[in-house]
Amino acid sequence: MAGSDFSSADLLAFAGAVASGAVRVVDLTQTLAPEFPVIVLPPEFGQAAPFRVEEISRYDERGPGWYWNNFTMSEHTGTHFDAPIHWITGRDLPDASVDTIPPANFVAPACVIDVSRQCAEDADFTLNVAHLLAWEKEHGEIPKRSWVLLRTDWSKLPGRAYANMKEDGAHTPGPSPEAMKWLVEARDVHGFGTETIGTDHGQAFHFNPPHPAHRYIHGAGKYGLQCLCNLDQLPPKGAIIFSAPLKIRQGSGSPLRVLALVADE
Amino acid sequence: MRRRQSYKGVVAAAPITIPYERFSIHGAHWWIGRALRALAEQAHLKPADIDGFSVSSFTVGPDTAIGLTQHFGLSPRFLDHLPLGGASGVVGLRRAARAVQAGDADIVACVAADANHVDSFRRTLSTFSRFAQDAVYPYGSGGPNASFALITRDYMNRFGATREDFGRICVAQRENALAYPHALMKKKLTLDEYMGARAISDPIHLFDCVMPCAGAEAFLVCTEERARDLGLPFVNILSTIERHNAFMDDPIQYRGGWVVDLEEFYGLAEVKPEDVDLLQTYDDYPVISLMQIEDLGFCKKGEAAAFVRTRDLTYRGDFPHNTSGGQLSVGQAGAAGGYLGLVEAMRQLCGLAGANQVKEAEVALVSGFGMINYDRGLASAAALLAKAS
Amino acid sequence: MTEPLVRPKRKDPLKRTRLPLSPPGARSRTALGLATAAAQGRFMLQVCQDCAKTIYPPRDACPGCFAPAPPFCDVPDGGVLLAVTTIRTSTDAYYRERMPWRVGTVRLDCGPSVVAHVHGDCAEGDRVAMSLKLDRSGQAAAFALPARETPDMADDKQLREMTCDPKFRRALVTDGRTAVGQACAKALSEAGCTIVFVGIADAWKPFPGEEALRKTANVEIVPLDLTNSESVGDLAADIGGRVDIVVNTAEHVRPGGIMARKGLVVAREEMDVRYFGLMRLAQAFGPALRFRGADGVNSAAAFVNFLFVHALANWPEFGAYSATEAACLSASHSLRAELRPGGVKFINIFHGPLETEWFQPLPPPKVAPSALARSAVDALKRGLEDVFVGDIAQDIRERFLADPKTLEREL
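Residue numbers (our numbering), protein chains in the order written: chain A, 510 to 774; chain B, 533 to 921; chain C, 876 to 1286.
Bear in mind the hints are in silico, worked out from the structure with no lab data behind them.
Beta carbons are placed, not taken as given, at the ideal position from N, Cα and C, and that holds for glycine.
Any given hint could turn out to be false.
Said to hold, decoys possible - DSSO-like mimics (lysine-lysine), calculated; alpha carbons at most 27 angstroms apart, straight line:
# : chain 1 : residue 1 : chain 2 : residue 2
1 : B       : K891      : B       : K540
2 : C       : K1080     : A       : K675
3 : C       : K884      : C       : K1032
4 : C       : K886      : C       : K1080
5 : C       : K1080     : A       : K665
6 : C       : K884      : C       : K1090
7 : C       : K1137     : A       : K756
8 : A       : K675      : C       : K1090
Said to hold, decoys possible - If you want the ones that stay clear, here's a sample from chain C, every Cβ over 12 angstroms from chain B, calculated:
#  : residue
9  : P888
10 : Q1014
11 : E1213
From just these sequences and the hints, can you work out the full model?
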């Protein structure tokens, strides 16, 4: 990208294209709201705090001319970014927390794998290498340093169906260990993004190895995005993702605004 | 126990009533001042001549008697403040009499006065006493009406008295009041009207209740010699008693402290109940008058209802009782209510009563009762007075 | 015979809500001992330790022997009703709008005569059972009840002023996910609540007992997350004016002392659910409760709060949790005072370990959620303020009253 054939005039032209609508900006972010589900771990583990907001003042006796809020949440609440340091497999990597990740890594292209049809029929849909190869057959090989975003349309489900918690845990779609290993090792992807609460399958605790998305992505210094929405508005290939987390010192991740830039052909 | 001594040579003089008002914008100090002025005018005294001062008032706060000395320019050598409600008059009299007798004072001005503002009654009730605050007022806040209703109910249950019996007292007193110029109640009352009145706190109905008002009563206590020198009307003091919180183990009050000292009371006076020409009972509620008629020896315990059925209680009658109309018809000016019967008895014995004058009144009995601190009146007192010989 | 209450009609929206007034609430310091007894539903009067005389009204010395400061002790509650009056005229604004009102003189078997409120089913000459109730000023009042239960006895107009009976009232159970919450919903429904709103946080998370809860008569599930001010405020905006009894069943029991915990995440959750949750509820529902304290048969009546008994004295095995509960206990005293002008009671139900998952490793005795719910309903029916449920709670209370420092060492 930093090649000498790209000039400031190109950047201005890009800005003009955004302004004119020739480049669409798609918001892939869920609204931060208290009722939005967060990941639930067994109760003896520490729990991620949901989004909460407390008014500081609202043109009232607490502040007559202004309105503002305090909010609290975990680093992994709402639409959020996972840094490599989030997982034990990435704990010793360099530049692996949100404050040290090179900023250029917050801009990258995306391949969107649409499995929404399968997911509508099977909440436990598991993404396999075969599905990825089938996608490549149609759209070409997944380029290096690309986000792979899994379109499940899960973001369109109401709360209870979205979390889909049963007595044996959550039933939400996600990748198999083989698929994740392949994406990281064979395709050297930039990161993996989902519409569900986590990058992993709802039953990934029972996979071998467990939680393959977290394990392989972060072990290789790659990134995760979850609780995305509007993936149905992206082309299979060619969208550019802007995803800059808050600069939290030693942060393992952060809620953020995820934007996709799409040039309609 | 040592015998009480006689009051020989000590008299009560110059009966004063400052006419009552239902509500008054004036404070208690104003009413006390008017009474002192009336006493001074009648006796031709200046403030400096009054060397004894006894006061009773519920509404004089935050002052007490000592503050009033400065307020009224008095420099007394005997000072008394008696918060004894209905017993204030008799107790004020007997203490002043002993002070004069012992040479502690020459002339004692005895004054009772209370203000009555629109909200005075409620305020007085809620802070009347610690027990009232803790254990009575929070129970429906009926005030003395409720407390005396319970005493009345029990008296009726115990002795078979009826509302008509109480009504006889009220009706007779109203008749007396019609002949007394300063009574607030000036409308004739029939027994039917009494019986048909609205209930206040069963069995207490409207005409069983006194009307709170503002007013003052006063008299002087001095030697007989001094009273004659000043040309004052006066009465002799034959005997007095006071007794407080008697019969504390009675579950509910049906008798008062007079019973304890009755023999000595008549003994010292050398009179018997049948020698009494007129009786002034403390009539905050008619049941208490019945109780006094019994406890002062006019009939046996429990027989007062039958007694009043066969007597004419008016000033013209064979048993003149509360001849000015009592508090039930004159009004209850706070602590002045405790003076009302005493001052009226003095007028009667001095022949100053006017239209309600009892003929040939020689001996009067005045009784006081007061301070329903919790469930019963604690203070009781009585005096036998005689026309100046 | 007590006239049974009639289920109140829906309120006329054109009618102004009658503002709550309080009966006279001034008391001497000594007389406050009666409130201590009434708060627990005990009948206690001063008994002289020197001459054994039972004393009433409260005094600073024994009138039998001048012994100072006679202590309050449990005494027999039997007596005879000597006289009754029906007050029809009162100088007090509270009583004035509640006329007529019956009071009477009761001669107690233990000695003193007591001027008391009198239940409609008691007549002169009857044997009565004397009780101490907290009236709407929050102060103790002697109340003569029939010696034996009579039909619809709780519906007596005067008695209902002193109690928070759930009959025909509308309750909010704040957390229906917990066993205690579900037991409370059932108990309140059975006690005659016309509606039991039951709060459920994170509706996307299923929970055990959901099915049965939804099927409980008069239960209406509402979204409520006590850790979320917005959620609490939203619900209050919807139903705040229709809730007469709030029962806070939120719990967040976690074992461990202070040092044993790594960081504050769990402690914050505890405080958020319990202490801040209580504050959120109070801020959102309290003002309407206080405002509606005299709003007819289904006037606002009570705020019920469950407290771990180690709010009184910290138990280091549940050290951080105990501290949170102590904060809630302290807040409850403020809230009690703040709700008092509305005549709304704040009821604390103290308990030891429960038969619930987070107390699972502890040995018995433990309190069943159903027993806790029963105690809450009983406290409402009797108008109590402090209830200690189960052997452990009673035991800790006894030890605490005996000497807090000794109890600290024992724990």
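Query - Violations among the numbered hints - result: 4 and 10
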